[in-house]
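**Q** From first to last, the protein sequence lines are chains D, F, E and L. Position 186 (the first sequence) corresponds to 186 in the working numbering; numbering is contiguous. Just remember that the working numbering sits 306 ahead of the position in the second sequence, which is counted from 1. Just remember that the working numbering sits 612 ahead of the position in the third sequence, which is counted from 1. Just remember that the working numbering sits 903 ahead of the position in the fourth sequence, which is counted from 1.
In case anyone wonders, no lab produced these hints; they're calculated from the structure. Just so you know, even glycine gets a beta-carbon here, dropped at the ideal spot from N, CA and C. One should not assume that every hint holds.
[What the hints assert, rightly or not] Beyond 10 Å from chain E on every Cβ pair, some chain L residues (computed):
| no. | residue |
| --- | --- |
| 1 | 923 |
| 2 | 964 |
| 3 | 1060 |
| 4 | 1065 |
| 5 | 1172 |
[Claimed, not checked] 25 Å max Cα-Cα, derived SDA-like pairs, lysine to any residue:
| no. | chain 1 | residue 1 | chain 2 | residue 2 |
| --- | --- | --- | --- | --- |
| 6 | F | 347 | E | 628 |
| 7 | F | 544 | F | 479 |
| 8 | D | 82 | L | 980 |
| 9 | F | 388 | E | 883 |
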Amino acid sequence: MSTSVDERVELAGIPLRNAVLTASGTFGYGTEFAPFLDLEKIGGFVAKSLTLEPRFGNPPPRIGETPAGMLNAISIENVGVKVFLEEKLPALPEGVVVIASAFGTEPAVYAELAARVSEHPRISGIEINASCPHVKAGGIEFGQDPALLGELVRTVRAVAKKPLLVKLSPNVTRIADMARVCEAEGADGISLINAVQAMEVDVETRRPVLSNILGGLSGPAIRPIALRMVWQAAQAVKIPVCGVGGIASAEDAVKFLLCGASAIQVGTANYLDPSAAERIARGIAEYAERHGFARVADLTGALETG
Amino acid sequence: MSTSVDERVELAGIPLRNAVLTASGTFGYGTEFAPFLDLEKIGGFVAKSLTLEPRFGNPPPRIGETPAGMLNAISIENVGVKVFLEEKLPALPEGVVVIASAFGTEPAVYAELAARVSEHPRISGIEINASCPHVKAGGIEFGQDPALLGELVRTVRAVAKKPLLVKLSPNVTRIADMARVCEAEGADGISLINAVQAMEVDVETRRPVLSNILGGLSGPAIRPIALRMVWQAAQAVKIPVCGVGGIASAEDAVKFLLCGASAIQVGTANYLDPSAAERIARGIAEYAERHGFARVADLTGALETG
Amino acid sequence: MAVTETSVPSPHAAIRSQARVLENRVEGSGRILTLAVPNWPGSIPGQFLMIGAGAESEVVRHDPLLPRPMAVYRELGPVKGAASGLSERSIELLYRVVGRGTTLLSEAEPGESISMVGPLGRGFPVDSGANASSGPAILVGGGTGIASLFELAKALGETDREVVVILGARSALDLTGKDDFSALGVELVCTTEDGSVGLAGRVTDPLLARLEAAQGRATVFAVGPTPMMKACAELAARHGSDCLVSLENPMACGFGVCLGCAAPRAEGGFSLVCKEGPVFEAREIDWEGLP
Amino acid sequence: MAVTETSVPSPHAAIRSQARVLENRVEGSGRILTLAVPNWPGSIPGQFLMIGAGAESEVVRHDPLLPRPMAVYRELGPVKGAASGLSERSIELLYRVVGRGTTLLSEAEPGESISMVGPLGRGFPVDSGANASSGPAILVGGGTGIASLFELAKALGETDREVVVILGARSALDLTGKDDFSALGVELVCTTEDGSVGLAGRVTDPLLARLEAAQGRATVFAVGPTPMMKACAELAARHGSDCLVSLENPMACGFGVCLGCAAPRAEGGFSLVCKEGPVFEAREIDWEGLP
Ligand SMILES: Cc1cc2nc3c(=O)[nH]c(=O)nc-3n(C[C@H](O)[C@H](O)[C@H](O)COP(=O)(O)OP(=O)(O)OC[C@H]3O[C@@H](n4cnc5c(N)ncnc54)[C@H](O)[C@@H]3O)c2cc1C
Ligand SMILES: Cc1cc2nc3c(=O)[nH]c(=O)nc-3n(C[C@H](O)[C@H](O)[C@H](O)COP(=O)(O)OP(=O)(O)OC[C@H]3O[C@@H](n4cnc5c(N)ncnc54)[C@H](O)[C@@H]3O)c2cc1C
Ligand SMILES: Cc1cc2nc3c(=O)[nH]c(=O)nc-3n(C[C@H](O)[C@H](O)[C@H](O)COP(=O)(O)O)c2cc1C
Ligand SMILES: Cc1cc2nc3c(=O)[nH]c(=O)nc-3n(C[C@H](O)[C@H](O)[C@H](O)COP(=O)(O)O)c2cc1C
Ligand code: FES
Ligand code: FES
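Construct the complete structure from the given sequences, taking the supplied hints into account.
**A** Below you can see the structure in the form of C-alpha cells.
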C-alpha cells in the first residue's frame, strides 16, 4: 500500500527520504542487506562504529539472549576508517544516505576520524559513539560525564565539516543534562539510546554468558527506557533528536516520533527481520495517513499530555 | 520434591528460612497471598512502602504492559504506618518474617517512620525506599545523589533499632558509588534494583499510557540490568546485597545469588503466578542439590569469571 | 466498600489453577471459551478471573507478560469423566478479540492448558437496593459486558422478582451470547444501532421506558462500555432507582496487591476495582475521573 | 576466507521467507522438520538457515527474541500442489530439543508458518584439498552435526570419488537420520558409545583406520560437538590429510552484521562463522579459543 503522505524528514540538517535509519553496529556496512530490502527505500543508515585502525573485538561468546532482549559485547570490531572509505562506501548504491559513526579513546582520535570521514562526498553526517571509556579519565565513558562529553563534542565540532550527531549512553542519572551539553557545544542533533549496560549468567556453567562479563542490552526490552529518555531529551533541547532502542514495528517507531524524535533508528530488529526497516518506514506512512497527518514530520512531538 | 540442602540464609543480620523474599509493593500486606502460597515457606516479605499518613496514589491509568515488562506509576498508595502496625501486622501468622519499607520526602520523615516500626516486635528489619524525590533538593531522588543518600542513611541509621536495608534506584550512572555510601553510613545491607524509569505511549490515542506520563519498568525485561547492578554493587561493598529485578524462576534467582546476592526478592512475578515465591524457593534448593551445594548460602558469589 | 457485606453472598477463596481448554468457539463477532478448571470452587455472579494471555507452552514466554481479567460468563458444573482424582468444573468465558492477549486466547486449542487465578472480586448483590426484593431488576449489557450478566440473570430468574435483560450492540453479529439469555426464560430485549435485530437504537431507550414504569422501585445492573454505564446510571438516578455497574480497568494482579486498577471515588480517593469491585454502586464512582 | 573462492560453488543469494510446516516428526531422540519454502533458491551442502524460535502467531512475541541457526539437512525439491503462483521448494531440518527455541520449534504444527532467512554461510567445497579429487572423502558426523553432512554425502556420492560416512552417537536412539544416509548408497559406518548399534566406541576409531589406509590422500569433513571435531582434526593432521569442520557459535543475524559469531583464528584475530564459515579448514581455527 502506498500513501499520499509526505515521508521526508530532516535530521540535524540531513534531508532524509523517510524517518527510518538503521542503527550503528546492526546494519554492517549496508550492502549486507541488499538481498532483503531496497536500501533506497529507507532514510539511510549509520555504519558500524569506526576506529582509526582496523580492530578486532572481544573473544567469544559475544552475544546472549534475554527476555525480549539481547546482550552483546562485540567491542567495536571494524574494518578501520581507511577500508571503510575506500572499499565499503563505493560498494553502496548512489542514493543511499550514509552516516559514519566514530569511536575513540581520546577526543583527538574522534576528531581525526571526523575530519577524515568529513572529506568523503558519500558521507551525509557523523555520529559520535560516546559510549567509549575515556582512557585518561580512568575508564568512565565520555557519555557518562557532562564535562568529558562537552570536551569531546567541542573537539569534534571544531573539525567536523558534516552534520554532527552525538549518540548518548543511557547509563546515566540525568539524560537531559547530557543532551544539553551536546546542544551547548554545537552538536547538530543527538541519537539515543545506546545499549543499556547489563549482564547475564549461565546457571549450568555458573559463568557469565559473555566473555567480557558485562555487555549491552538491546531489543524490545529496553524500548520503554529509550522512549522515556528520548522524551526527556526532547523536552530539554531544541536540536533534533533521533530515537533508538527496541524499535521493531511501525507503531514502536511512531511512539518515538510522538515523544519528540525527528527520525528513528532500527537496531536489533534488523536481525529478527532483515527487511524490518523498510517495513517500518511503510508502516509509519500508513499510520500518518490513517491518523490524518499529511507529513510524517508532523508526528514529531505530537504526543498529547494535557 | 524436598532436598537435604540447608536453605537458611542471613540478610543484614536477619535470619531467613530461605533466600526468597517478596518485593515491596508487589505483595500487599502479605495476607492477600494466603490463598496461593504458605507464607511460612518463603523467607519473608517486604511490605508496601509506608508513609506517616495514609496516602492515595495517582489517578488511573496506573499500569501498562511492555515487552517482557510492566510499567507502573502507583505513587506509594498505602494505609499509613498506624494502620499497618495496628491492623495489618497482627493479621499475619506468627512465623512470617516482615520487613517494613519506609518512604518520605525528608530524611526526618524516614527517620520517624523507622523509629516507629522499630518498636514493633513483628518487624524484623527496615528497608528504606530511596526512590522518593527529595522535595528540598528540588525533586531529585535520594537514591540518585550520593550526598543526599548519605544524609538519608545516616539520619535513619541513628534511630533505627532494627537491621537497615537501603533499596537503591537503578536510575544512576554508577551504582557502586551508591552502594559504598550506604555501607559507609552504616546500612546493614542494600536491596537493588527498584523499577527503571520508563515510558509507554498509546499510538491510537497519542497519549502516554500512564496518567503520570513516566513510570517504573519492572519484570523480566529489566533482569539483565538488575543482575549487572547487583554484580557491580556486590563487588564494591562487604555488606549483604539483596537482589531484585525481573526474577520469575529459580534459575533467575540463582543468577543473582551467584553474582553476590545473599537473598533475593520476587516482585512482578507475584502477579503472573501468586505462588511464584514458594516455587522459586523450592527450585533454588533443588538447584543447589543438583549442583552439589550443601547450603544455599554457598551459592552467594559463586560465579566463576576466570 | 463497594457493596455492603450483607448483600453479597460471601465469595469463595480464589485458587490458582491450570485450566484445560474444552472448546474455543466463534459466536458472532465474539468468542466463547469453555474451560475445565480443577478444584473450581464456583463463583458469584459478576466475579472474574485473571487468565494467562494464551495457552501455556512448555516454554514460559514473558511477552505478553500480564494475565488478562475476564468475567466468568457461565458456570456449567462438574465435568464428566474428569481426569482421575481431581474434581473439575467447567466454566465459560465470553470475549472479544481486541489486542494481543485476546488474540492469543483465540488461538488456544482444545486440550491446551491456560493458567488462571479466580474467582476474584465482589459479585453482584442478588438482593440489592433499598426496596430491591420488591422492585424489578433491569439488567443492561453492552458489548462484552454481557458476560458479567448471565449468571446474575439466571440467579434473579430463580427469585420471584421481575427481571428484564436489555442487551445492546452495534449489530446483530455483536450480540454474542444472546441465545443463552433467551434460553433462560427471563424477559429479553435487544437493541442494535443498525437495527439488524431487536429495537433499532441504544439500550437507554428501552431502559428509559422500564424506569418510568418502575417509578423508582427498580434496580439497574449495567455492564458495558463506560459511556453506556454512565448513561444508564444517570437515567436510573433521574428516576430514583438504584444502579450497579461493573468497571473495567487495566489490572496486573487481580487480587488487590498491585494497586494498578484504582478507580476514582465520588467522595475522593480511589477504590480497587479488582478487590472492592468490579461491581460498584454507580453513585460511588467519579465518572469524570475514569480514563 | 575460510575456503578458497574457487573450491566452493558460488552460493545463492539469501532470501527472507515465511516457511510452511509440512511435517515435524520425531525420529529417535531427535526431530525432523519438513518445510515448504516459497521461492527457495536451493542451497549448497553445509549451508544453514536462521529460523524463528517457533511457529508464527498473529501476535509478534519477543520472548524468545532471536532466530536460531539450523543447517539445511535435506533438499527435497519442488512442492507438488504449492499455493498458486509462488514456487515452493521443500527442505528438511534435523534438530534436537536442547532449550527454549528448539522446544518451541518442536511444538510447530503442520500448516503453521515459521519465518526464516537463508541459505546462509559458505558450504563445503565438494572438491577440496590438494589431492582431493583422487583421495577418499571421509565424512564424520556427531550428534546433530549429522544434519550438515547429508547433502554433502549425496553430492560426493554422485562423483567417482571414494566416500565413507561415519556417524557417531551415544546410543542407537541418537542416530537420527541414519536411515536417510543408508538410502544414499554410500558406505556408512556407525559408532555408538553403548554399542547399541554399529561399532562400540567413538567415531575416531574407524576414522583412524581410514586415515591410515588413505596415506595422507583423504579429506575429512567433520561436523559435531567441538571436542569431536578437534579430535578428528588432530587425527587428520597427524596422518597428513586435510580436515574441514563446521562450527556452531551463537548467532544473532546469520549474515555477517552483528559480529556476534566470531571464532578465533589460528593466526590471530577472528572469523565470522556465519559468513566466512560455518565451514573452515580445521587448521585455520584456534581450537583453544573456542568457548
Ligand atoms: C473485571 C473485568 C472483567 C472483564 N471481562 C471481560 C469479558 O468477560 N470479556 C471480554 O472480552 N473482556 C473482558 N474484560 C476486558 C478484557 O480484560 C480486555 O479486553 C483484555 O484485557 C484485552 O487484552 P488484550 O491483550 O487483547 O488487549 P491489549 O490492548 O493488547 O492489552 C494491553 C493491556 O491493556 C489491558 N487492557 C486492554 N483493554 C482492557 C480492558 N477493557 N479492561 C481491562 N484491561 C484492559 C490488558 O489487560 C493488557 O494488560 C474485562 C475486564 C475487567 C477489568
Ligand atoms: C551454523 C549452525 C548450524 C546448526 N545446525 C543445527 C542443526 O542442524 N540441528 C540442530 O539441532 N542444531 C543445530 N545448530 C545448533 C542450534 O542452533 C542450537 O541447538 C539452537 O540454537 C539452540 O536453541 P535453543 O533456544 O533450543 O537453546 P537455548 O540454549 O535456549 O538457546 C539460547 C541461545 O543460545 C543459542 N545457542 C544455544 N546452543 C547453541 C548452539 N549449539 N549453536 C549456536 N547457538 C546456540 C541459541 O541460538 C539462543 O540464541 C546449529 C548451529 C549453528 C551455528
Ligand atoms: C550487536 C550490536 C552491536 C552494536 N554496535 C554498535 C556500534 O558499533 N556503535 C554504536 O553506536 N552502537 C552500537 N550498537 C547499539 C545500537 O546501535 C543501538 O543503539 C542499541 O542496540 C539499541 O537499539 P536496538 O534496541 O534497536 O538494538 C550495537 C548494538 C548491537 C546489538
Ligand atoms: C506495581 C508496583 C508497585 C511497587 N511499589 C513499590 C513500593 O511501594 N516500594 C518499593 O520499594 N518498590 C516498589 N516497587 C518496585 C519493586 O519492589 C521492585 O523493586 C521492582 O518492581 C523490580 O522487581 P521486579 O522486576 O521483580 O518487579 C513496585 C513495583 C511494582 C510493579
Ligand atoms: S489489579 Fe492489582 S490491585 Fe487491582
Ligand atoms: S551471526 Fe551476526 S555476524 Fe555472524
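**Q** If you check each hint against the structure, which ones fail?
**A** Result: hints 2, 8 break, sorted rising.
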